[in-house]
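Here the structure of chain A is known, so what remains is to put chain B in place on it, guided by the hints.
Residues per chain, in single letters:
There are 2 protein chains.
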Amino acid sequence: MIADTRTNAGVDNISSYRKLHVVDQPGDRVMAVATAGNLSVTQTALAMMRDGVHLSVGEDLETLETAPSMFRCAQLLGHALRSVRLSIAPAMEASSLNTSASMLLGGQIAGGPMQLFLIYSQGNFIECGEDTPFLQIGEAKYGKPILVSGLHGQTPLAEAVKLGLISFSTTMRCNVGVGTPLDMLTLRRDMISGDERRIERTDPYFEDLHDRWTRAQAQARAAMPEPPWLSGPGMARRRV
Amino acid sequence: MIADTRTNAGVDNISSYRKLHVVDQPGDRVMAVATAGNLSVTQTALAMMRDGVHLSVGEDLETLETAPSMFRCAQLLGHALRSVRLSIAPAMEASSLNTSASMLLGGQIAGGPMQLFLIYSQGNFIECGEDTPFLQIGEAKYGKPILVSGLHGQTPLAEAVKLGLISFSTTMRCNVGVGTPLDMLTLRRDMISGDERRIERTDPYFEDLHDRWTRAQAQARAAMPEPPWLSGPGMARRRV
Numbered sequence: 001m002i003a004d005t006r007t008n009a010g011v012d013n014i015s016s017y018r019k020l021h022v023v024d025q026p027g028d029r030v031m032a033v034a035t036a037g038n039l040s041v042t043q044t045a046l047a048m049m050r051d052g053v054h055l056s057v058g059e060d061l062e063t064l065e066t067a068p069s070m071f072r073c074a075q076l077l078g079h080a081l082r083s084v085r086l087s088i089a090p091a092m093e094a095s096s097l098n099t100s101a102s103m104l105l106g107g108q109i110a111g112g113p114m115q116l117f118l119i120y121s122q123g124n125f126i127e128c129g130e131d132t133p134f135l136q137i138g139e140a141k142y143g144k145p146i147l148v149s150g151l152h153g154q155t156p157l158a159e160a161v162k163l164g165l166i167s168f169s170t171t172m173r174c175n176v177g178v179g180t181p182l183d184m185l186t187l188r189r190d191m192i193s194g195d196e197r198r199i200e201r202t203d204p205y206f207e208d209l210h211d212r213w214t215r216a217q218a219q220a221r222a223a224m225p226e227p228p229w230l231s232g233p234g235m236a237r238r239r240v
Numbered sequence: 001m002i003a004d005t006r007t008n009a010g011v012d013n014i015s016s017y018r019k020l021h022v023v024d025q026p027g028d029r030v031m032a033v034a035t036a037g038n039l040s041v042t043q044t045a046l047a048m049m050r051d052g053v054h055l056s057v058g059e060d061l062e063t064l065e066t067a068p069s070m071f072r073c074a075q076l077l078g079h080a081l082r083s084v085r086l087s088i089a090p091a092m093e094a095s096s097l098n099t100s101a102s103m104l105l106g107g108q109i110a111g112g113p114m115q116l117f118l119i120y121s122q123g124n125f126i127e128c129g130e131d132t133p134f135l136q137i138g139e140a141k142y143g144k145p146i147l148v149s150g151l152h153g154q155t156p157l158a159e160a161v162k163l164g165l166i167s168f169s170t171t172m173r174c175n176v177g178v179g180t181p182l183d184m185l186t187l188r189r190d191m192i193s194g195d196e197r198r199i200e201r202t203d204p205y206f207e208d209l210h211d212r213w214t215r216a217q218a219q220a221r222a223a224m225p226e227p228p229w230l231s232g233p234g235m236a237r238r239r240v
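Those protein sequence lines, which keep their order, are chains A and B.
In this text, residue positions in the first sequence follow our numbering: the first is 1, and each later residue adds one.
In this text, residue positions in the second sequence follow our numbering: the first is 1, and each later residue adds one.
Check the hints yourself; a few may be wrong.
Capping the alpha-carbon separation at 25 Å, the derived lysine to any residue pairs in SDA-like fashion look like this [said to hold, decoys possible]: (1) Lys144(A) - Arg212(B); (2) Lys144(A) - Pro68(A); (3) Lys141(B) - Asn13(A); (4) Lys141(B) - Tyr205(B); (5) Lys144(A) - Pro228(B); (6) Lys144(B) - Gly177(A); (7) Lys141(A) - Ala94(A).
Over the 10 Å line for every Cβ pair with chain B, so calculated as not near, a few chain A residues [stated by the list, open to error]: (8) Val11; (9) Gly37; (10) Met114; (11) Asn124; (12) Thr186.
Please keep in mind that the hints were generated in silico from the structure rather than gathered at the bench.
Predicted model only: the values in this text are computed from it and were never measured.
C-beta atoms are modelled at their ideal positions from N, C-alpha and C, and glycine is treated no differently.
Here chain A stands alone, though its shape is the one from the complex (with noise of 0.2 Å):
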C-alpha cells in the first residue's frame, strides 16, 4: 500500500498529512489504512475508530487492534465514515463543501487471509480480487494505465512496489495535488509483519527511476512510427 501525504484546501492552500496509518502487532495483526477525499472526515473517522466502534446497539467497543476478522475491520471503519458523514454532511454541504471521502484497509490478522478492501463514503465497501488485484482511491487516474497493464495475480512483490512507484511518479506530474513524501506498508503472506518506509523525493531509488522511466518513455515515443498519411507536408489537404 503507498499513499502520499499532500492535501489541500485549494491550491493556495496545500499541507502535508499522513495518509496512511499502520496497525503493527507483529504476530498477530498487521494492516493498514489509506485516505483519500476531505480530510476532516478522514481523520475523524479514523480518531472514532481508535477510541472504538460500536456496529450496533449492545455489541461491545471495538476497534481495528482488537476486531476478530479483516471483514470486521472493513465494517467497522465503514460505520465509522458513514457515522462522520451523517453529523457533519448537512453543515458542509450547505457551504457547498465536498465531505466524500474513502478508504483502503488492507493486511492480515493472524489465521485469517491477507485481503484489501475498497471503503466508500456510504460505508459499504468491496474487496481486491484475482481479476483486478489493485484497488486505488482518490487521484486515481493519471496513475492507473500502468497499474492496468503491469499488475496481474501473480506480480511479485518488488515489481509491484515497482510499478507503484511510477504511477505515483507519473501523478504527481499531472496533478500538483499529489506529492511526496509517499508512506508505504509493504506484507507478504503470513508473515504478520509489515515493512513500513517512508520514501521522500530525494530517494534515491525513487528519483532514479522516475529518470530512467522519463528517459524510457521518451525512447518509446520515439520508436513509434508516424501516420503514413501525414508523412509530408504534401499529404495535409488529403482527405479519405
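For chain B alone, kept in the frame of chain A given last:
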C-alpha cells in the same frame, strides 16, 4: 483535433455518435467543434448554432459559417451552450441528471490566427497557449501523461497526431466509455483547409501503433530496476 464516438447512458446503454463537427469552407475558414458531456445538451447547442445565434439583443443571427473571427465563434458557442443548459437544467437536475458539457473549438478563418478554445458549460472559455499547447475535454486524465511529457509548442504535426492516438488508445483501455471509431481533423496554419479522417478499430496504423506501444511499455517496465530494499524475501521484515 481528435474525438471518439462512444456515448453512454449507463454501461448498459452505449451508442456511437459523432462528437467532432467540422466546418470546412476551403479558402475561407476551417474549424472543428469537439464535444463532451451530456449529449442532449451538446447536440441541442450545435443545432441552435446551425440555426444561428443572437449574441445580444438587436444583433444579427450569426453562425460558425459567417462569424468574422474564431474568438467570435467561441463566444457564439459559449452562448448556445449556456442557453441550452439554462433552459433544461432545472428539469434535468430535478431528476439528478448531469447537464454538464464542454466543447473544444479549433481552427482558422482566413486573415486571422489559428486558435483553439475550451468552452465550459457556463459559456466561458479559455484559449490554448504556448506553455500548455493542448487542451482536453471529457475523459481526460488517463491519456494526459503522455501529452504532458511529449507535446510542446514545436512538436511537428505528425508527432502530435501519433501522441494523440496513443493517448486515446491508453484511455480506451481504462474506460469502456471511450471507443473507436475516432474522428480526426488535422489543420496546417494558413492552409485554410482540413484533412478529415475516421479511424476505425481495425485501422492498420492505429492497430500497429497500439501493439507497438503495448510492447514498448512492457519493455520499459521490465528495464526499470526493482527497489533495492525488496531485492530478496529475506529483506521483507526490515523496517526503515
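* **Agreement of Lys144(A) and Pro228(B) with the hint, judged by alpha carbon distance not exceeding 25 Å** => holds (24 Å)
* Is the nearest CB of chain B more than 10 Å from the CB of Val11(A)? -> Fine: 16 Å to the nearest Cβ keeps Val11(A) off the interface.
* Should the label of Met114(A) as a non-interface residue stand, given a Cβ cut-off of 10 Å to chain B? -> holds (13 Å)
* Asked: When you check the alpha-carbon spacing of Lys141(B) and Asn13(A), does it fall within 25 Å?
  -> The hint holds at about 23 Å.
* **Restraint status (C-alpha distance of Lys141(A) to Ala94(A) at most 25 Å)** => Judged against 25 Å, a Cα distance of about 29 Å means the pair is violated.
* **25 Å Cα cutoff - pair Lys144(A), Pro68(A)** => Answer violated: Lys144(A) to Pro68(A) is near 33 Å, above 25 Å.
* To do: Say whether it holds or is violated: Asn124(A) keeps its Cβ farther than 10 Å from all Cβ of chain B.
  => Non-interface label on Asn124(A) holds, nearest chain B Cβ at 19 Å vs cutoff 10 Å.
* Hey, is Gly37(A) genuinely clear of chain B, shortest beta carbon separation above 10 Å? => holds (17 Å)
* Does the alpha-carbon distance linking Lys144(A) and Arg212(B) stay inside the 25 Å limit? -> At roughly 20 Å apart (the allowed maximum being 25 Å), Arg212(B) and Lys144(A) satisfy the hint.
* Asked: Does the structure keep Lys144(B) and Gly177(A) at a Cα separation of 25 Å or less?
  -> holds (16 Å)
* Asked: With d taken as the least Cβ-Cβ distance between Thr186(A) and chain B, does d exceed 10 Å?
  -> violated (7 Å)
* Pairwise hint evaluation, Tyr205(B) against Lys141(B), where the allowed Cα distance is 25 Å at most -> holds (24 Å)
This entry does not satisfy hints 2, 7 and 12, going by the numbered hints stated previously.
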